[in-house]
Amino acid sequence: MAIKLPFADLLHQRDGRYTREMLLSPGGFGLGVVPDRSKPNATTPMTCGFCSTGCSLNIHLQDGAAVGLTPNTNYPVNLGMACPKGWEALNVLHSSERATTPLLRNQKGNLEPVDWDVAMGAFCSRFKQIQRDHGPESVAWLGTGQLATEELALLGAVAKFGMGMIHGDGNTRQCMATAVVAYKQSFGFDAPPYTYQDFEESDCMIFVGANVCIAHPILWERVMRNKRKPEIIVVDPRRTETAMNATQHLAIRPKSDLALFYGLAHILIENGWIDHDYIAAHTNGFDEFAAHVKQFTPEIVAEKTGLTIESLHRVARTIHERPRVSFWWTMGVNQSYEGVRAAQSLINLALITGNMGRPGTGANSITGQCNAMGSRLFSNTTGLLGGRDFTKAEDRATVANLLKIDVNHIPSVNSWAYPEILEGILRGKIKGLWVVATNPVHSWINQNQCRDILDRLDFLVVQDMYSTTETAREADLVLPAAAWGEKDGTFINSERRFGVIKKVSAAPGQALADFQIMRLVAHHWGCESLFREWKSPEAAFQILKRLSAGQPCDFTGIKDYQHLDNEGGIQWPYVAGADDLKPAAKRPDEEAADSTPSGDLTQRRLFEDGRYYHADGKAKLLFEMPRPMPEPPTKDYPMILLTGRGTAVQWHTQTRTGKSAVLNKLSPESIYVEVNPRDAREAGIQPHEWIAVESQRGRVRARAFVTNTVQPGQVFIPMHYDAANQLTDAVFDPYSRQPSYKACAVRLIRI
Amino acid sequence: MSSVALPLTHAERTTTSSMPSFLEELLADQQDLTAVERFSQFHSGSSQPQQARYYSSLLPASPPGPGEQYAFEVDLDRCSGCKACVTACHSLNGLDEDETWRDVGLLHGGSVTLPVLQHVTTACHHCLDPACMNVCPTRAYEKDPVTGIVKHLDDQCFGCQYCILACPYEVPKYSAKRGIVRKCDMCSQRLAVGEAPACVQACPHEAIRIAVVKKADVAADCEANPFLPGAPDPQYTQPTTNYKSSKPFPRNFLPADYFAVHAEHAHTPLIVMLVLTQLSVGAFLVGQILQVYAQGSTLFSLVLPVQTASALGFGLLALAASTMHLGRPMLAYRAVLGLWTSWLSREIVAFGAFAKFAAIYAAVLWLWPEQQGAPWVFGLACAVVTAGLAGVLCSIMIYHCTQRPFWIGPRTFLKFSLTTLWLGLSTVLTVSVLAVDLQQPASIQQLMVAYGSSLCLALVIVAAAKLLYEVALFGHLFSKQTTPLNRSARLMVGELRVWTRIRFLCGLVGGIALPAILLNQTWGSASHSMSPAVIVGLCLASFTLSVIGEFVERTLFFTAAVAMRMPGSLRT
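The listed protein sequences correspond, in order, to chains A and B.
Under the numbering used here, think of the first position of the first sequence as 380, with each following residue one higher.
Under the numbering used here, think of the first position of the second sequence as 138, with each following residue one higher.
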């Protein structure tokens, strides 16, 4: 009808301000249509700041400030996708809980806003006083895998070389330490060997203690893109989302993993399904290893793991028959009292079957935090900058030389690990603590004890983007930090790829980038002369390049941030002059990228030549007798508590993700416990009812989620809820000192 | 930990004195956003959407033909539960901070040896027979004749939220700050330019695609198939989304939120409106019956004008309250547009007529008292009652049509009609007693004998019947299955138990105990007859408690009416 009646709109209104509000218009810059009001006039890519996948997010900018984001279509990591945390990454910056000014605890015991000068004055005077009274090592720090590499390096350098601290460690102790030690011992350097393209090029992927669907959704994207009809073997006591997608799910008894993998090695060796040439040329210790696994007969292993003998043979046969087998693990292995040996039992399987250095193979640890890998190389905590050793005079001299500082500034002893630092507080050895971008009062194992330990400190400084974290509330001084998106730097992801983060949003109030806070500290402490060259993150990046020279992680070939940006991130090693690395003939996101050629710039794996980092170029086969679970179920505490990620939308202690209204909507608001229907029936527990979960250390009230996804005798609680760690048992791996979060004894009580 | 900041030492003071410039430099640098200058603009030349390389295979090759429409197709084998679709929809459509148009639920079941877990992404199903559209009083919904997309016209909506009650999939979302509802339109604007909807673009596992479906096939599938385990019966609206799975679903497949019950929204203006319209209609109805039954009772003729005026007053109050429920009350006039399909439109028209007739009737009785009893005035009164009852019937149909078991069929019919009688009786009794007490045309005892006691008796019977009917719901507490009515009953004895207690206390005292006392004193031994003041007091108390009781009953009517929904994820 062409005729429009006057006032027709009053009656039936097809257009108007609410319709216009939803108007989409072409975004330009290779984007599709976007909301008209947030149409960008520039875009720039940067690496996501949550997990170690290291996705690239394309930030939409209006006059330099971020107004939105979309996943970067061309980045070789995420191929145009992001998980919910990435999609919401900018929204969590705008929260009323941001720390906007330094806060100092006043005489009444309340945190009170002060300016930076007062804050720095208190920081220096209190820490110096403590060091005068109790020695320089009485002040320590706890860092993180959430900061940029440049910031971690400056923090470690200022603390140890400038402020004279001896002890510092990071929250990476809670997630990656086991993989670090396992790789160091086996390969001679902490070097995850794979590239993400291996997910697409593997014939058999064995996931151990890894719920990739939930913990690393974008890596699961890569698995789903695999066109080789791969076998997917999942080793996990729970029926997780990943296990649902497995062709073989091995629901082993908790903490029977070491026996399982020794048992598989036994079957492989017995049947001659191993690569004798590879073993001879590239490994040490095979005979001892073969002798060790002889005792792990299928019968014994079946009994220990609760699996059938047939299923053990089937897995071994799959490993034998598939040309490219890859082994992937995360926290189920790392967070264990014998995690290092468990990780090495997987490394051993890859080595003896020759599944190393080829496309779709490898013994591959998937890291946790966005920059756990940066922290592993440059946090200057339990290892000297660039993957070096504090106890080696030669390493100290090199670093002193490269940093142009007096070698005496570099401690010659190793730092205590996280648990020793806390123990040090308990024993009165450590009196001052500087906590940066981590939340131990939520995340540390046996949390009630942790709170009590921090209470004993003379001075606790917490540097964080929020003033409301469980740990910040306990602080004597809170330093307001700028967040991801408000500062520059680089992250290194799980596959050793450097990616750039950028300042695309103004920090609130007086908040400063962590890098600048470290500089401010150096300035006030009176040691800034040591750090003259650390003018900006990008200047620091050049220092880190120097520090990497000649190390396995050498990345001297990366020119600068712009170079990283242009190439879509670059994996270490990337040695200066290595111009023979060519852009891939085919981008990985194109079809039929079945096998990346060696020398491809965007997808590189280690050990293609079979040379490892030990002096003789060989890898070590390391092993040990499995030990019983430290706290097995008893009559009083008959259930095993498992912990892990419950959802893809929450990150760790929910410090950031808990600030997004959408993410909060998408995950259960309060703590719940998964209980098998059989156990629920026996205990008289109704679905959805509130029950108490008790361990010897604490009691937690939780909703019962009655489901078959946990086995009888086991319960599961997601670690995102702060109460979860009131139950866990502070047991550690003897080599990596990583806490064993995954299994302790509990009981369920109706309330 | 120590709580005292030490005073700065001299050395530190001197250091700080040189500080401001350095600190200021850092603070200024922190606010300086330079990413654009320092880094090349990303694909600044490109105007084509790069993401198309991933989603082009997820869009249909050609648009729907006759008898076809677009539909979401979800490959459950590929849905891992990451929920990127929800956040991408939120982001790419510029929704409010906490607004989501998509959701991801979880089904679980199986056995100890073979547990099964299935995440389910869900949004608007763009139904063949959309309940939202059918019930909308303003015709703010349209089903596109070509694409079949059910589109909401945001500017046409006046925010009555009836579509929210009617949709069995919790799709329309109310925006309080705008006073309107908004919902998924399958990213029509994207499809129009050949781009995929946000959720399709963003799923890392390519689990969501847009398909062209034959409407006849969808209708046939809705006859035979369970749409998805745990989802509402598809025959109600004929949803078009196709959930595909290569795995058989276990028989015990249950939504993760199956055992969670939460009180629903109370809709306070609707509670006031429903109770008071029914009170008003009831008062007119009882008045009319009395006119017939008590013909020649001069006493009632004297009371009638007052009683009419007060019934009218309550009715107008109710209609005022109903506009408060609209997000945009200024547009209330649009309500007539949906007369053809919407019971809400019909309700508004019926009550509109009722109010006008009632106003004229009341005016006649006051201005021309001599006309009282004239056949045309009696006819007018019949018109008032007819329009009012039609309105109550429309109210009943509004809730019946939502298919919620707590509201369906006799559940709403009996509640609303018995409320009409209960409050009608109570109003006429109280107004009569008050009028007689004030004007003194006769004694209150005479009134009670004339018709007051009959009203009391009827009141006790109606109240007892209604309370009994309401109590019968608790029988569902013993049902072996977690039925919707079992959930409602559990809510009423659980989360809503305080409301339940108040409801039955008010009902029992106001509807049964107090009227019974009045009855007893009229018919019982006259030896201790009550003073008029006590009778007036008892009547007022009975009336007040009855009204409060019905308000609370209606609150429970909304809050305990468990909504139908798609399988949800765990709620704690």
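Keep in mind that a hint or two might mislead.
Subject to a maximum C-alpha distance of 25 angstroms in a straight line, what follows is the list of computed DMTMM-like cross-link-like pairs (lysine to aspartate or glutamate) [what the hints assert, rightly or not]:
# : chain 1 : residue 1 : chain 2 : residue 2
1 : B       : 320       : B       : 210
2 : B       : 288       : B       : 214
3 : A       : 1044      : A       : 649
4 : B       : 314       : A       : 476
5 : B       : 320       : A       : 400
6 : A       : 914       : B       : 214
7 : A       : 608       : B       : 236
It is worth saying that the hints were derived from the structure and are not from the lab.
Going through the hints against the structure:
1. Proposed proximity of residue 320 of chain B and residue 210 of chain B is supported: the alpha carbons are some 18 angstroms apart, at most 25 angstroms.
2. Taking the CA atoms of residue 288 of chain B and residue 214 of chain B, the gap is near 29 angstroms; set against the 25 angstroms cutoff, the hint is violated.
3. Distance restraint check for residue 1044 of chain A and residue 649 of chain A: the Cα-Cα separation of roughly 53 angstroms exceeds the 25 angstroms cut-off, and the hinted pair is therefore not satisfied.
4. Restraint check for residue 314 of chain B and residue 476 of chain A: satisfied, since their Cα atoms lie roughly 24 angstroms apart, inside the 25 angstroms limit.
5. A C-alpha spacing of about 13 angstroms is found between residue 320 of chain B and residue 400 of chain A, which places the hinted pair at or below 25 angstroms, so the restraint holds.
6. Only pairs whose Cα atoms come within 25 angstroms are accepted, and residue 914 of chain A paired with residue 214 of chain B is rejected, the gap being roughly 51 angstroms.
7. Annotation: proposed proximity of residue 608 of chain A to residue 236 of chain B is violated, straight-line Cα distance about 39 angstroms (limit 25 angstroms).
When held up to the earlier numbered hints, the structure conflicts with 2, 3, 6, 7 and fits the remainder.
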